[in-house]
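Asker: Take a look at the letters that make up each chain.
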Amino acid sequence: MSGQLIINGIVNASLIAPPAIAFSLLFGILRFPNFAIGAYVTVGAFIAYALNVGAGMPLWVAGLGAMAGTAVVVWLSDVLVFKPMRGHTPVTLLVVSIALALIIEHVIRLFYGADVRGFDLPLERPIKFAGMRITGEQIDIIIMTIVIGIAIHLLLQYTRIGKAMRATADNEVLAEVRGINTSYVIAFTWLVCGALFGLTGVFAGLDLVIEPLVGWYLTIPIFAAAILGGIGSPYGAMLGSLLVGLAEELTVLVLPSSYKIGVGFVIIAVLLLIRPHGLLGQPEIKK
Amino acid sequence: MSAYLISMATFVGFFMILALALNLQWGMTGMVNFGIAGFYALGAYTSGLLSVKLGWPVGITIAMSCVTGLIAGGLVALLSMRLREDYLAIVTLGFGEIVRLIALNEDQITEGPRGLKIDARPFADMFDRETYPLVYLGLVALAVAVVFVIVECIRRSPMGRTLRAIREDDVVAEVLGKNVLRHRIQVFALGGAFMGLAGALYAHYVQNISPEVFMPMVAIFIWMSVIVGGAGNNWGLLLGAGVVMTILEGSRFMGDFIDFLDAEQLSAIRIIVIGVLLIAILRVRPRGLIPEPKFSFAAASTDQERQPSIENAK
Chain A
1026 MSGQLIINGI VNASLIAPPA IAFSLLFGIL RFPNFAIGAY VTVGAFIAYA
1076 LNVGAGMPLW VAGLGAMAGT AVVVWLSDVL VFKPMRGHTP VTLLVVSIAL
1126 ALIIEHVIRL FYGADVRGFD LPLERPIKFA GMRITGEQID IIIMTIVIGI
1176 AIHLLLQYTR IGKAMRATAD NEVLAEVRGI NTSYVIAFTW LVCGALFGLT
1226 GVFAGLDLVI EPLVGWYLTI PIFAAAILGG IGSPYGAMLG SLLVGLAEEL
1276 TVLVLPSSYK IGVGFVIIAV LLLIRPHGLL GQPEIKK
Chain B
59 MSAYLISMAT FVGFFMILAL ALNLQWGMTG MVNFGIAGFY ALGAYTSGLL
109 SVKLGWPVGI TIAMSCVTGL IAGGLVALLS MRLREDYLAI VTLGFGEIVR
159 LIALNEDQIT EGPRGLKIDA RPFADMFDRE TYPLVYLGLV ALAVAVVFVI
209 VECIRRSPMG RTLRAIREDD VVAEVLGKNV LRHRIQVFAL GGAFMGLAGA
259 LYAHYVQNIS PEVFMPMVAI FIWMSVIVGG AGNNWGLLLG AGVVMTILEG
309 SRFMGDFIDF LDAEQLSAIR IIVIGVLLIA ILRVRPRGLI PEPKFSFAAA
359 STDQERQPSI ENAK
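Residue numbers (my numbering), protein chains in the order written: chain A, 1026 to 1312; chain B, 59 to 372.
Among the hints, erroneous ones may be present.
Stated by the list, open to error - Derived pair list, reagent style DSSO-like, types lysine-lysine, alpha-carbon separation capped at 30 Å:
id: 1; chain 1: A; residue 1: 1108; chain 2: A; residue 2: 1188
id: 2; chain 1: B; residue 1: 175; chain 2: A; residue 2: 1153
id: 3; chain 1: A; residue 1: 1285; chain 2: A; residue 2: 1153
id: 4; chain 1: B; residue 1: 236; chain 2: A; residue 2: 1285
For the record, the hints were derived by calculation from the structure and aren't laboratory data.
Could you build all of it, start to finish, from the sequences and the hints given here?
Answerer: Next up, the structure:
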């Protein structure tokens, strides 16, 4: 029983990790929690659905299309909404991001309604071992998340643009002074994060369902993972995802599963009180 | 039609109480609250359950709603000790969702998604069915007036100045010898009590409450009211609450003219309109239609432009 819960937890964690990394990267440059991340994930799920079921493409093509399409949508949300408002207080931007999330969710509702959908995939028998079950799709999700984690690590650590991204997140003015074209770096960050949200949308469509609120249900676990790991720290986000993913599944042992969504909140509240800068984050400078 | 207008005005009244409470917490003191739906639900269920399950008189149950709102607000405010304002947003949102989840899942007590039927109404036996909605509107208007006077008195009092000081820079307020935490807890608790009151009045008005009413969306409408009206300004948000409700309700009539959209699509368009307007107002008139008098919020916040992380560290 608990072995199965741990498998579910790892799948859950793999679903949360890519967007948590993206959220963390975005927070580094934006300095406010972007509540629209769930809506971005939903966009990814629906683009993949439209390409897969609507246009009949194989899922891996649809998935790449979703990553590209979501990247563009997410980047446009910066160009049209957030960029003109840089310099406003975090709370103002937070309210704006919630409004944006509502707009995106309801634009999707306008075209697709509130029905629950799924990808056009052959039904597969789950693999069973030692009384536990896992589907081939779930294994794919776990492997791809690990690959993504390594790729983001390499990008940030060894490439020119990755170093520029870290420098900009650390201190935008200083990065600018050192000759980094920060507006280019910021646009690149949005595109990378958008691709990650798009991919998460595909994962969500595989493991959960496709509906206008699918991203909203993921928003809080994503926040919890990113805050738990230390906001602004991509490696922390990976660790945080694992802990939140497991915690959500293991609560089923003590509470009805309908309370799962509350777990993320409780983790956030307790953690912020005890260790506000997260497990791997740096304490902020106080005045 | 006039029955419809009366009912709409009553709902504007609930919105106004919630907006005044948020203005006290956020507009005047700078404490973010996205758990408005949670306090609203707490008030509605407290009064509803006490009157349905224990048969307490309505007057007392409504008062109890204020008390639970007060206690919940105080407890949530304790979290603000160490939280940056944007984290407080996540935690309060979480509070709201957890209240809703409990109302949804503990259905032996709350009736869950079936909805809790509440028969008791204040002064119901003194008036006939025709005039009663008008009486209830009067009751809600009275509640709005009382809340307005209390909030406005606080705003003009020395305490109001302290609250604005905390909003602009809590470290400075602390240095000036003000007990920042105590003020924050007082304000958040009082706001919670007002939201509880609004919830109780709502519960006895609609007489059937279910968890899906208390979605986080409620918080957005109230934030919209406060932002449209002008944060920190109590007169402005009375206007704001009216504007938001008019957009919400007014767009219902679009259906009579546009027949190629179904109800689901119309309601989607309604929310899209609200969202776009909210973003537009924040961009064009960030201080609202009627800005807060004298004290310039914008001037104080421009200093924060470059280093929000340091400015907001608590």
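Asker: If a hint holds in the structure, say so; if it doesn't, say that too.
Answerer: Each hint tested on the structure:
Among the hinted pairs, residue 1108 of chain A with residue 1188 of chain A is consistent with the structure: their alpha-carbon atoms are about 22 Å apart, no more than 30 Å. Among the hinted pairs, residue 175 of chain B with residue 1153 of chain A is inconsistent with the structure: their alpha-carbon atoms are about 48 Å apart, more than 30 Å. Simply put, residue 1285 of chain A and residue 1153 of chain A have alpha-carbon atoms about 25 Å apart, close enough for the 30 Å limit, and the pair holds. Only pairs whose Cα atoms come within 30 Å are accepted, and residue 236 of chain B paired with residue 1285 of chain A is rejected, the gap being roughly 41 Å.
In summary, the numbered hints that this structure violates are 2, 4.
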